[in-house]
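Participant: Chain by chain, the residues:
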Amino acid sequence: LTVQADVTEKIKVDIWSDVQCPWCYIGKTKFEAGVRAFGGDVHVTYHSFELAPDTPLDFDGTSADYLVQRKGLPLAQVNEMLERVTGIAADAGLDLRFDLAHQTNTIKAHELLHFAKANGKQLEMVGRLFVAYFTEGHHVGQTDELVALAAELGLDPAAARAALDERRYLAAVKADVRRASGLGIHGVPFFVFDDKYAVSGAQEAQTFAAVLEQVRDARKVDA
Amino acid sequence: MSEPLILLGDATAMVCDGDVCEIPVRVEDEPDSVDQGQQTDP
Numbered sequence: 008l009t010v011q012a013d014v015t016e017k018i019k020v021d022i023w024s025d026v027q028c029p030w031c032y033i034g035k036t037k038f039e040a041g042v043r044a045f046g047g048d049v050h051v052t053y054h055s056f057e058l059a060p061d062t063p064l065d066f067d068g069t070s071a072d073y074l075v076q077r078k079g080l081p082l083a084q085v086n087e088m089l090e091r092v093t094g095i096a097a098d099a100g101l102d103l104r105f106d107l108a109h110q111t112n113t114i115k116a117h118e119l120l121h122f123a124k125a126n127g128k129q130l131e132m133v134g135r136l137f138v139a140y141f142t143e144g145h146h147v148g149q150t151d152e153l154v155a156l157a158a159e160l161g162l163d164p165a166a167a168r169a170a171l172d173e174r175r176y177l178a179a180v181k182a183d184v185r186r187a188s189g190l191g192i193h194g195v196p197f198f199v200f201d202d203k204y205a206v207s208g209a210q211e212a213q214t215f216a217a218v219l220e221q222v223r224d225a226r227k228v229d230a
Numbered sequence: 880m881s882e883p884l885i886l887l888g889d890a891t892a893m894v895c896d897g898d899v900c901e902i903p904v905r906v907e908d909e910p911d912s913v914d915q916g917q918q919t920d921p
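First to last, the sequence lines map onto chains A and B. Residues 8 to 230, numbered by our numbering, are exactly what the first sequence covers, in order. Residues 880 to 921, numbered by our numbering, are exactly what the second sequence covers, in order.
It cannot be assumed that every hint is accurate.
[As the list claims (entries may be wrong)] Here are the computed lysine to any residue pairs in the SDA-like style, where the Cα-Cα straight-line distance is at most 20 angstroms:
#	chain 1	residue 1	chain 2	residue 2
1	A	LYS19	B	PRO883
2	A	LYS124	A	LYS78
3	A	LYS203	B	ILE885
4	A	LYS203	B	LEU884
5	A	LYS19	A	ALA225
6	A	LYS78	A	PRO60
7	A	LYS203	B	LEU886
[Unchecked claim] Chain B is faced by these chain A residues, among others (derived, beta-carbon under 8 angstroms):
#	residue
8	PRO29
9	TRP30
10	ALA166
11	VAL199
12	VAL206
13	GLY208
14	THR214
15	GLN221
[To be verified] Across the chosen pairs, the derived CB separations fall in these ranges:
#	chain 1	residue 1	chain 2	residue 2	range
16	A	ALA169	B	GLU882	34 to 44 angstroms
17	B	GLU882	A	GLY79	33 to 43 angstroms
18	A	GLY161	B	ASP889	31 to 41 angstroms
Source of the hints: derived by calculation from the structure; they are not laboratory data. Note that the structure is predicted; figures quoted are calculated from it, not measured. All C-beta atoms in this analysis are idealised placements derived from N, C-alpha and C, irrespective of residue type, glycine included.
Generate coordinates for the entire structure from the input sequences, incorporating the hints supplied.
Facilitator: This is the structure we're talking about:
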């Protein structure tokens with residue numbers, strides 16, 4: 008996946024995603040495989056989407072706890088559901104550990120993504136947060152955890168903490184959410200190509216590759 | 880992005896919408912099951 012400053016010849020891809028969204032993680036993986044199969048350069052920008060903004064930042068429990076306690080779902084149904092998602096993710100090469108996951112509000116994680124974007128590390132931060140939440144059991148609602156993850160990527164921990172404490176990127180997160188609403192985006196992941204074409208959901212890699220080819224061909228027609 | 884987006888790709892892909900994450904099921908897989916096509920977001 009190549010990301011460079013010059014986007015004039017690259018296909019522009021805007022992706023709306025949430026940190027706790029398993030299909031976003033799976034979709035990211037398949038999209039990147041699709042980009043590799045496509046072979047051309049793309050310029051990717053991630054945008055914030057809050058699936059469950061009413062979740063408390065300090066919710067103390069796993070994904071299963073959240074669904075049972077706050078959504079009133081039967082535990083057996085929850086476990087079956089998580090097993091299905093885990094199996095589909097495994098097919099994509101991802102290790103989802105819902106038994107370790109800390110359900111939380113993702114607003115601060117989104118703010119960190121905007122901080123990372125401002126410092127040239129957005130894509131790395133997106134990937135790091137997915138692994139942190141889905142595989143490693145990090146609590147991505149806690150500032151200390153987020154700062155440590157930022158530092159792992161070479162970002163200034165003091166600057167990351169200050170940005171989170173001051174809520175410096177809260178407005179940017181909310182602007183992303185409003186933009187999604189304006190585009191009619193109700194679910195994620197959602198991919199927009201060249202501000203014109205859209206793909207909804209965790210599609211197969213070959214589908215993403217075909218769409219990228221279609222977008223490139225459309226450019227030739229427009230030229 | 881003022882023009883309506885042109886939707887490409889498979890219309891039945893997996894997506895999280897609010898608290899619901901859908902897993903599409905092909906008609907030939909489970910035609911009798913109403914609940915097979917959806918699951919709730921973890």
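Participant: Against this structure, judge whether each hint is valid.
Facilitator: Status of the hints after comparison with the structure:
The suggested pairing of LYS19 of chain A with PRO883 of chain B holds, with an alpha-carbon distance near 17 angstroms, which does not exceed 20 angstroms. Using a Cα cut-off of 20 angstroms, the hinted pair LYS124 of chain A and LYS78 of chain A is violated, with the two alpha carbons roughly 33 angstroms apart. Distance restraint check for LYS203 of chain A and ILE885 of chain B: the Cα-Cα separation of roughly 6 angstroms lies within the 20 angstroms cut-off, and the hinted pair is therefore satisfied. Annotation: proposed proximity of LYS203 of chain A to LEU884 of chain B holds, straight-line Cα distance about 5 angstroms (limit 20 angstroms).
Annotation: proposed proximity of LYS19 of chain A to ALA225 of chain A holds, straight-line Cα distance about 13 angstroms (limit 20 angstroms). Pair hint LYS78 of chain A plus PRO60 of chain A holds up; C-alpha atoms about 14 angstroms apart against a cutoff of 20 angstroms. With a C-alpha separation of about 9 angstroms, the suggested pair LYS203 of chain A and LEU886 of chain B falls inside the 20 angstroms cut-off, and the hint holds. The interface hint given for PRO29 of chain A is met, as the beta carbon of that residue sits about 6 angstroms from the closest beta carbon of chain B, less than 8 angstroms.
This hint holds: TRP30 of chain A has a C-beta 5 angstroms from the nearest C-beta of chain B, less than the 8 angstroms allowed. Residue-level restraint check for ALA166 of chain A is violated (minimum Cβ-Cβ distance to chain B is 31 angstroms; threshold 8 angstroms). This hint holds: VAL199 of chain A has a C-beta 6 angstroms from the nearest C-beta of chain B, less than the 8 angstroms allowed. Interface hint at VAL206 of chain A: satisfied, since its Cβ lies 4 angstroms from the closest Cβ of chain B, which is below the 8 angstroms cut-off.
The closest approach between the C-beta of GLY208 of chain A and any C-beta of chain B is roughly 3 angstroms, which is under the 8 angstroms cut-off, so the hint is satisfied. Restraint check, THR214 of chain A versus chain B: the minimum CB separation of about 5 angstroms is within 8 angstroms; hint holds. A cut of 8 angstroms between beta carbons decides the hint on GLN221 of chain A: the least distance to chain B is about 6 angstroms, and the hint holds. Separation of ALA169 of chain A from GLU882 of chain B is about 39 angstroms and conforms to the stated range, judged on CB atoms against 34 to 44 angstroms.
Checking the proposed 33 to 43 angstroms range against GLU882 of chain B and GLY79 of chain A shows it holds: the Cβ atoms sit about 41 angstroms from each other. One distance hint, 31 to 41 angstroms for the beta-carbon pair GLY161 of chain A and ASP889 of chain B, holds here, with the actual separation near 37 angstroms.
Violated hints, in rising order: 2 and 10; the structure is consistent with all others.
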